[in-house]
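Chains as they are written, first to last, in the working numbering: chain A, 1 to 430; chain B, 1001 to 1145.
If you are wondering where the hints come from, they were derived from the structure by calculation, not from laboratory data.
A couple of the hints might just be wrong.
Here are the in silico distance ranges between beta carbons for each label pair [stated by the list, open to error]:
no., chain 1, residue 1, chain 2, residue 2, range
1, A, Gln68, B, Lys1110, 48 to 58 Å
2, A, Lys297, B, Tyr1089, 56 to 66 Å
3, A, Ala118, B, His1077, 24 to 34 Å
4, B, Gly1109, A, Pro98, 34 to 44 Å
5, A, Asp295, B, Gly1079, 49 to 59 Å
6, B, Gly1109, A, Lys155, 23 to 33 Å
Nothing here was measured: the structure is a model prediction, and the numbers come from that model.
Backbone N, C-alpha and C fix where the C-beta goes; we use that ideal spot for every residue, glycine too.
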Amino acid sequence: MKNITESKSGSKKELERKKLFSDAFKYLDKVYEPNLRNILKRCYQCGRCSGVCQVSKVQKFTPSKIIQLILEGFEDRVIESGVLWDCLTCNQCLKDCPEQINFADLVRMARYKMRHEADQNPSEMVAHKGIYTTISELMSRPYIEPDRNLDWIPKECKITDKGDTLYYVGCIPYFNFEFENLDNIASSTLKIMCQLEEEPIVVFKEESCCGHDLYWGQGKIKTFIKLAMKNIEMFEKAGISTIVTACAECYRTFKIDYPNIFDDFNEKFKVKHLIEYVYEKWKQNKIAFKNPNEDDKVIPFTYHDPCRLSRFLPNDNNITEKVREIFKEFKKLGYEFNEMLHNKENSLCCGVSSWMNCNEKTKALRYKRMLEAKEAGEIMVTSCPKCNIHLSCIQNDFENIASIKIMDFSEFLVDHIEVIKDEDNLEGKV
Amino acid sequence: MSKTKRKVKKKDFNPEILVFCCNWCSYAGADLAGVSRFQYPPNMRIVRVMCSGRVDPSFVLKALKEGADGVLITGCHIGDCHYISGNEYTRDRFQKLHQFIIKQLGINGKRVRLEWVSASEGKRFAELITEFTNQIKELGPFKVL
Ligand code: SF4
Ligand code: SF4
Ligand code: FES
């Protein structure tokens, strides 16, 4: 078998890609503002951001002060000091800023600057020795053609490589390197989808990373653009029109970051998170919820809103409400939905974003989140595989929170979904 | 590793190979190969680590990312590790690295190899390097943009 990476002088595909990438950099301006001051001018130093900032609770970090320093012209000092590697890009500060200053976006651009102008390399700060970000970077190369494992696909599901609806899996198959049972998220999602779609679902064997971590955490905006191009090329070739994903980060990246760079991305592709997908089908009366085990016991559960699905979306977005509406329905099935102390747009951060800043300080944040979860229920549902990883990890360190079962939205739903056949629908109407 | 003038033609392709040697066995083996004047191709660079257990899978990926055409990790034979079980961890980790990452990235698994070389196996070290270099030559360059 001949592998694309092994060819002598570069295969045709690879050459095409190289050509494609050669103009990758002209897109940089769209998501990068070299003069950081320009995006901060409206700040009037009310200091709210420093008050609500989630890392400021565990270490010295004051966004408003950093902003003021930049406004006064000390941008180079801020860049040199490297403090901005500490931000979690959780966007709590944007939510409370009266002037809508997007500090996380500033951090993203500053990280690009820190890496490329100040020559900083935060490799000791990247969790798991940077293995996952390195994988993403490798995937951006034109000569890498991933050959992903598809063993997790449930037997009853049919998949193709060309079609209308795509299930974008994300990095889950690579996480098997160190984490367990994450395949379950992918297989549950696909199980839900293939019950509802008549056509087989598209799942790519050569899927690349969406690039989220490089974009927000690593300051590698150019690499991100290359990944985006590689992905879009793949979508177009397969004739995709709807992209469904179960990952909060992929969702935000496709929904907002890709269209920021490629204007017509949104016209070409409809992006849906599994929550939206299920909600829509439910409202169309295509599914109902049932409880497979007839048990009288009422199980209390709670939901952890990933930042990428709450604070990171435009205001008109209502995923947080949609998921709660679904959960309300679960009352009939013997579940009781409880809110945690901090919820929806105020939910606490899982403490690690883009594999950055996994340390004792952010472990405190995670521990705090888990204590809130413990108060609220036995099960904690979330819809971001990374929140799942990070919060499960802290359970190994503390016995008192080990009993909480952390589940992905897809895993939680998969056994409770009943497809309503069209005939039933008709009968109901008559 | 330099990204300069990469020859693409197979016959004059000089692969760049990164070899991790554990201090106690494999590095001594490499030393012995040199002292005994066994010939082997000069395409490799050795990084000495205290134990093969020190080699994190991310090192391998980073090497590939930065332009290495092949990565070889060598350590003491199982049971001989000077830190008792370092090489056992390495073995398990590399099995996983191959299964979940190298393969899924579509990289030919032959580019990354784990071997045990003891301090007395100078000749074997030379042979191993020769064989591995030839194999990488056969595979061609792992391209760098
Ligand atoms: S909350 Fe907004 S306006 Fe207030 S200090 Fe922070 S960035 Fe400035
Ligand atoms: S994005 Fe989050 S961690 Fe960063 S400054 Fe704002 S509130 Fe703090
Ligand atoms: S000391 Fe040689 S492998 Fe551990």
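Against the structure, the hints come out as follows:
Separation of Gln68 (chain A) from Lys1110 (chain B) is about 56 Å and conforms to the stated range, judged on CB atoms against 48 to 58 Å. The given range of 56 to 66 Å is broken by Lys297 (chain A) and Tyr1089 (chain B), whose C-beta atoms sit roughly 43 Å from each other. Distance hint for Ala118 (chain A) and His1077 (chain B): a CB-CB separation of about 46 Å, inconsistent with the stated range 24 to 34 Å. Between Gly1109 (chain B) and Pro98 (chain A) the CB atoms are about 56 Å apart, so this pair departs from the stated range of 34 to 44 Å.
Remark: the range hint 49 to 59 Å for Asp295 (chain A) to Gly1079 (chain B) is upheld by a beta-carbon distance near 52 Å. For the pair Gly1109 (chain B) and Lys155 (chain A), the beta carbons lie near 27 Å from each other, so the given range of 23 to 33 Å is met.
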